[in-house]
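These protein sequence lines are chains B, Z and R, in that order. For the first sequence, this note's numbering begins at 4 and goes up steadily by one. For the second sequence, this note's numbering begins at 5 and goes up steadily by one. For the third sequence, this note's numbering begins at 4 and goes up steadily by one.
If you are wondering where the hints come from, they were derived from the structure by calculation, not from laboratory data. C-beta atoms are modelled at their ideal positions from N, C-alpha and C, and glycine is treated no differently. There may be inaccurate statements among the hints.
To be verified - Derived DSSO-like pairs (lysine-lysine); straight-line CA-CA distance at most 30 Å:
id: 1; chain 1: R; residue 1: Lys27; chain 2: R; residue 2: Lys212
id: 2; chain 1: B; residue 1: Lys88; chain 2: R; residue 2: Lys87
id: 3; chain 1: R; residue 1: Lys27; chain 2: Z; residue 2: Lys249
id: 4; chain 1: R; residue 1: Lys87; chain 2: R; residue 2: Lys225
id: 5; chain 1: R; residue 1: Lys225; chain 2: Z; residue 2: Lys249
id: 6; chain 1: B; residue 1: Lys88; chain 2: R; residue 2: Lys225
id: 7; chain 1: R; residue 1: Lys87; chain 2: R; residue 2: Lys27
id: 8; chain 1: R; residue 1: Lys212; chain 2: R; residue 2: Lys225
id: 9; chain 1: R; residue 1: Lys225; chain 2: R; residue 2: Lys27
id: 10; chain 1: B; residue 1: Lys174; chain 2: B; residue 2: Lys88
To be verified - Simulated DEER-style distance windows between Cβ atoms:
id: 11; chain 1: R; residue 1: Glu88; chain 2: Z; residue 2: Gln239; range: 32 to 40 Å
id: 12; chain 1: Z; residue 1: Leu248; chain 2: R; residue 2: Asn40; range: 15 to 23 Å
id: 13; chain 1: Z; residue 1: Pro185; chain 2: B; residue 2: Asp209; range: 17 to 25 Å
id: 14; chain 1: R; residue 1: Ser180; chain 2: Z; residue 2: Pro166; range: 25 to 33 Å
id: 15; chain 1: R; residue 1: Ala248; chain 2: B; residue 2: Ser238; range: 36 to 44 Å
id: 16; chain 1: Z; residue 1: Phe38; chain 2: B; residue 2: Ser238; range: 22 to 30 Å
id: 17; chain 1: Z; residue 1: Ala24; chain 2: B; residue 2: Met206; range: 49 to 57 Å
id: 18; chain 1: Z; residue 1: Ile154; chain 2: B; residue 2: Val120; range: 30 to 38 Å
id: 19; chain 1: Z; residue 1: Val135; chain 2: B; residue 2: Thr53; range: 24 to 32 Å
id: 20; chain 1: R; residue 1: Glu47; chain 2: Z; residue 2: Gly251; range: 38 to 46 Å
id: 21; chain 1: Z; residue 1: Pro185; chain 2: R; residue 2: Glu88; range: 34 to 42 Å
id: 22; chain 1: R; residue 1: Gln89; chain 2: B; residue 2: Ala35; range: 40 to 48 Å
id: 23; chain 1: R; residue 1: Arg73; chain 2: Z; residue 2: Thr31; range: 29 to 37 Å
id: 24; chain 1: Z; residue 1: Arg242; chain 2: R; residue 2: Arg200; range: 52 to 60 Å
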Amino acid sequence: MNSTRPSTFTQYRTLLAKDIRREFRTREMLTAMGIYAVLMLVVFGAALATTVAAFDILQMSGGLIWALIVFTSLLGLTRSFSYEKEEGALEALLLAPLDRSVIFLSKASSNLLFLAVVELIALPLFYFFFLTGSGLAPTFWMTLGPLIVGTVGIAGIGTLLATITMGTRGKDVLLAVLFIPLIFPLLYACVCATTVALLGSEMIMDTYVPSMALAIGYDVVMILVSWLLYDFVVSV
Amino acid sequence: MTEKKHPLRGLDSAAVVLLAIGAVLTTVAFVLSFVSAPLVYGAAVDAPALIGGQMVTNKLLLSQKIFYFHMPVAVTSFVALLFTAIFGALFLVRRERRYDLRAKVATEIALVFILMTMVSGEFWERFEWGVWWTWEPRLTTYFILMLLVIGYFILRGAVDDPERRAVFASVFGIIAFIDVPICFLVTRLVPTSVHPVILRTDSGLGPMMLLPLMLSLVGMFCIAFGLYRFRLREQRLRERLEALKEGLED
Amino acid sequence: MMTPETDAENRSFATDLPVVEVHKLSKSFGARTALDNVSFSLPEGAFLSIFGPNGAGKTTLLRVISTLERPSSGAVRVFDLDLKEQPEAIREHIGFVSHRSLLYPDLTAEENLEFTARLYGMSDPARCATHMLATVELTARRHDLVRSFSRGMTQRLAIARALICDPHLVFLDEPYSGLDPHAVEILDELLATIRQRRSFIMVSHDLQKGFELSTHVLMLAKGRKELFAERSELAFESFANQYHAAVGMEVA
Numbered sequence: 004m005n006s007t008r009p010s011t012f013t014q015y016r017t018l019l020a021k022d023i024r025r026e027f028r029t030r031e032m033l034t035a036m037g038i039y040a041v042l043m044l045v046v047f048g049a050a051l052a053t054t055v056a057a058f059d060i061l062q063m064s065g066g067l068i069w070a071l072i073v074f075t076s077l078l079g080l081t082r083s084f085s086y087e088k089e090e091g092a093l094e095a096l097l098l099a100p101l102d103r104s105v106i107f108l109s110k111a112s113s114n115l116l117f118l119a120v121v122e123l124i125a126l127p128l129f130y131f132f133f134l135t136g137s138g139l140a141p142t143f144w145m146t147l148g149p150l151i152v153g154t155v156g157i158a159g160i161g162t163l164l165a166t167i168t169m170g171t172r173g174k175d176v177l178l179a180v181l182f183i184p185l186i187f188p189l190l191y192a193c194v195c196a197t198t199v200a201l202l203g204s205e206m207i208m209d210t211y212v213p214s215m216a217l218a219i220g221y222d223v224v225m226i227l228v229s230w231l232l233y234d235f236v237v238s239v
Numbered sequence: 005m006t007e008k009k010h011p012l013r014g015l016d017s018a019a020v021v022l023l024a025i026g027a028v029l030t031t032v033a034f035v036l037s038f039v040s041a042p043l044v045y046g047a048a049v050d051a052p053a054l055i056g057g058q059m060v061t062n063k064l065l066l067s068q069k070i071f072y073f074h075m076p077v078a079v080t081s082f083v084a085l086l087f088t089a090i091f092g093a094l095f096l097v098r099r100e101r102r103y104d105l106r107a108k109v110a111t112e113i114a115l116v117f118i119l120m121t122m123v124s125g126e127f128w129e130r131f132e133w134g135v136w137w138t139w140e141p142r143l144t145t146y147f148i149l150m151l152l153v154i155g156y157f158i159l160r161g162a163v164d165d166p167e168r169r170a171v172f173a174s175v176f177g178i179i180a181f182i183d184v185p186i187c188f189l190v191t192r193l194v195p196t197s198v199h200p201v202i203l204r205t206d207s208g209l210g211p212m213m214l215l216p217l218m219l220s221l222v223g224m225f226c227i228a229f230g231l232y233r234f235r236l237r238e239q240r241l242r243e244r245l246e247a248l249k250e251g252l253e254d
Numbered sequence: 004m005m006t007p008e009t010d011a012e013n014r015s016f017a018t019d020l021p022v023v024e025v026h027k028l029s030k031s032f033g034a035r036t037a038l039d040n041v042s043f044s045l046p047e048g049a050f051l052s053i054f055g056p057n058g059a060g061k062t063t064l065l066r067v068i069s070t071l072e073r074p075s076s077g078a079v080r081v082f083d084l085d086l087k088e089q090p091e092a093i094r095e096h097i098g099f100v101s102h103r104s105l106l107y108p109d110l111t112a113e114e115n116l117e118f119t120a121r122l123y124g125m126s127d128p129a130r131c132a133t134h135m136l137a138t139v140e141l142t143a144r145r146h147d148l149v150r151s152f153s154r155g156m157t158q159r160l161a162i163a164r165a166l167i168c169d170p171h172l173v174f175l176d177e178p179y180s181g182l183d184p185h186a187v188e189i190l191d192e193l194l195a196t197i198r199q200r201r202s203f204i205m206v207s208h209d210l211q212k213g214f215e216l217s218t219h220v221l222m223l224a225k226g227r228k229e230l231f232a233e234r235s236e237l238a239f240e241s242f243a244n245q246y247h248a249a250v251g252m253e254v255a
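Only chain B is shown next, with the shape it has when bound in the complex (with noise of 0.2 Å):
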């Protein structure tokens, strides 16, 4: 039995495919995710009962959208690192030849997609519960652009975050308080991109362009400092 260096990518997707099958095996971070998720669109139903105008609910869509998928993404990546925890696997990482950063890519990676497959049953839902009385402007699909980036810099700063944490005391609070600060101007981007592609008003395109540079400048430095500096956290 021999042995070569492994290709960097080739360890990527060992790391990544074994998230995955995990994943669909124990189905832990999805069920709690999209549980989670559904709770809260309840929780909207209740918060929203009053209000009568659909053209209010259109409104303030953008910002729940947001609040749905950050409170969300808290509770996945609280998770993300416990079975790596559980039986010491991450040691056993860190002692494979293995670039961290691989380490972070391929754990922000999986958390991206689970986040994804999340909001791609919990915006539908969305959707069918509050938007289906108002019509929806035909700049509808721009909405993709902040669920992209946005999605995007939460699973990378997450994940830096959920290293941090996971060998914290009260991790799942922690994450929280390190996490919605430091989010916070990829969140407002995101809510107002969003915002005003499901409105759909004329000036437009005076929000969405410079929201979107701007989130998409966050997701640029605060993925390459993440990577940078994963090394040091994930190694202590």
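Mind docking chains Z and R on chain B? Use the hints.
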């Protein structure tokens, strides 16, 4: 034992002097701001605007004096946070305990100045804009900044192992510092229909206003640095005491 | 306090290439010192047992040599590679068995081994896994989740995981803890079969067992080296007495 001699002892005695200088400078600045700086007319608001139910175009704004305190404090807190990030990076590279201690103390100073910024900002808003809170870019940014710094200390409190704590705090300090300007840019540049952005032109500062502002700024820097040195010395002495105690137990 | 290691003894190792060379290694943070100026050199094929009371720095030493923690000062060379310069090259040829399994409980035995084989870039991961399963006699349970395994079976699989990359140096961090007598027996047999061509570093609380397995012993107390010697130079009785003298009354 940790540190037998302090190569920076000179700085520690300078801290007292700096604190005194800072106190004098800021006091002079405040006096000047009332005596010599002209009152600002509502012209500082771009156009006649209805804020909190009152028009603020042509009103003498005495509350503008807060500005001579508020702005230097805000700048100082951000500079303190810059040092958190720098010491954090130094720690990650060199792995020496002292950098972590410095980063922590710098963040403590940052927190003190952020709280002062928030309080003075609150008065400012109430009297100038007529509201207690608005999601205005600078306010939002400082609010987020405050949450990040509080998060920094909660993170430190949640990790037992000192080396892990130092690494995590350093990394978070660096990210938080990068996050703040982005936060300001986003809240500033993304126009929203919900909250009108109140534009103030700060460029209209005459020399009689600039002087007290600068004095106040330099004074605040002196105070911050003095406090930083004091706190650092206190922490180091405490550490040596702990080490001595442990030595006795053995 | 005894430091029987002399220059003469150091030179006797110098003839064959040392697998691990630790030179003035210290690991400290602030006022806390985990390792204090530890030096030793281990020839190829050796089995080093590290002894010492809790908090003596045994596990820290193991973690530093296995690239998990970085030293504060001093130099460590493994396979004649510098630990700080080429940690990844070292990682290719080391295996680590801990008292935790380092496995994924929700993957099957085979999936766990295949995953590790892929990570190390083995040419045929599936065959590799099959071979290792046979070595640790778990072929019958290959498709079962690790979560359903007994402690002893998990530990065997953990050893298979550690050996899948065919390491030259194997670290054992209290591998016997939590095992029942039967599992200990199986582990003993397993260790005997894998000893050829490999070097071992083990941390153990079990004085007798650690001493019997070893070719070299290292005793640590408060992060300092109390004793480093070849086992053949020591009698167990005198070694045990020395150990108790160094540790105090902590160990009965």
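Verify the proposed pairing of Lys174 of chain B with Lys88 of chain B, using a straight-line Cα cut of 30 Å. holds, 13 Å
Hinted pair Lys27 of chain R and Lys249 of chain Z, Cα distance within 30 Å: Holds, because 27 Å separates the two Cα atoms, which is no more than 30 Å.
Between Lys88 of chain B and Lys225 of chain R, is the straight-line Cα distance small enough, at 30 Å or below? holds, 29 Å
Given the hint that Lys212 of chain R pairs with Lys225 of chain R, does the C-alpha gap stay at or below 30 Å? holds, 23 Å
Please test the hint of 15 to 23 Å on the beta carbon pair from Leu248 of chain Z and Asn40 of chain R. holds, 22 Å
Outcome for the supplied range 52 to 60 Å, where the beta carbon pair is Arg242 of chain Z and Arg200 of chain R: holds, 53 Å
Check the following: the C-beta atoms of Arg73 of chain R and Thr31 of chain Z are separated by a distance inside 29 to 37 Å. violated, 50 Å
Lying within 25 to 33 Å: is that true of the beta-carbon distance Ser180 of chain R to Pro166 of chain Z? Given about 26 Å between the Cβ atoms, the range holds.
Using the Cβ atoms, figure out if Ile154 of chain Z sits within 30 to 38 Å of Val120 of chain B. Given range 30 to 38 Å: holds, Cβ gap about 34 Å.
Val135 of chain Z and Thr53 of chain B, beta-carbon distance inside 24 to 32 Å? About 25 Å separates the Cβ atoms of Val135 of chain Z and Thr53 of chain B, which means 24 to 32 Å holds.
Given the hint of 34 to 42 Å, check if Pro185 of chain Z and Glu88 of chain R actually sit that far apart at their C-beta atoms. 37 Å Cβ-Cβ, so the 34 to 42 Å window holds.
Are Lys87 of chain R and Lys225 of chain R close enough, with their CA atoms no more than 30 Å apart? holds, 24 Å
Hint check: violations occur at hints 16 and 23; the rest are consistent with the structure.
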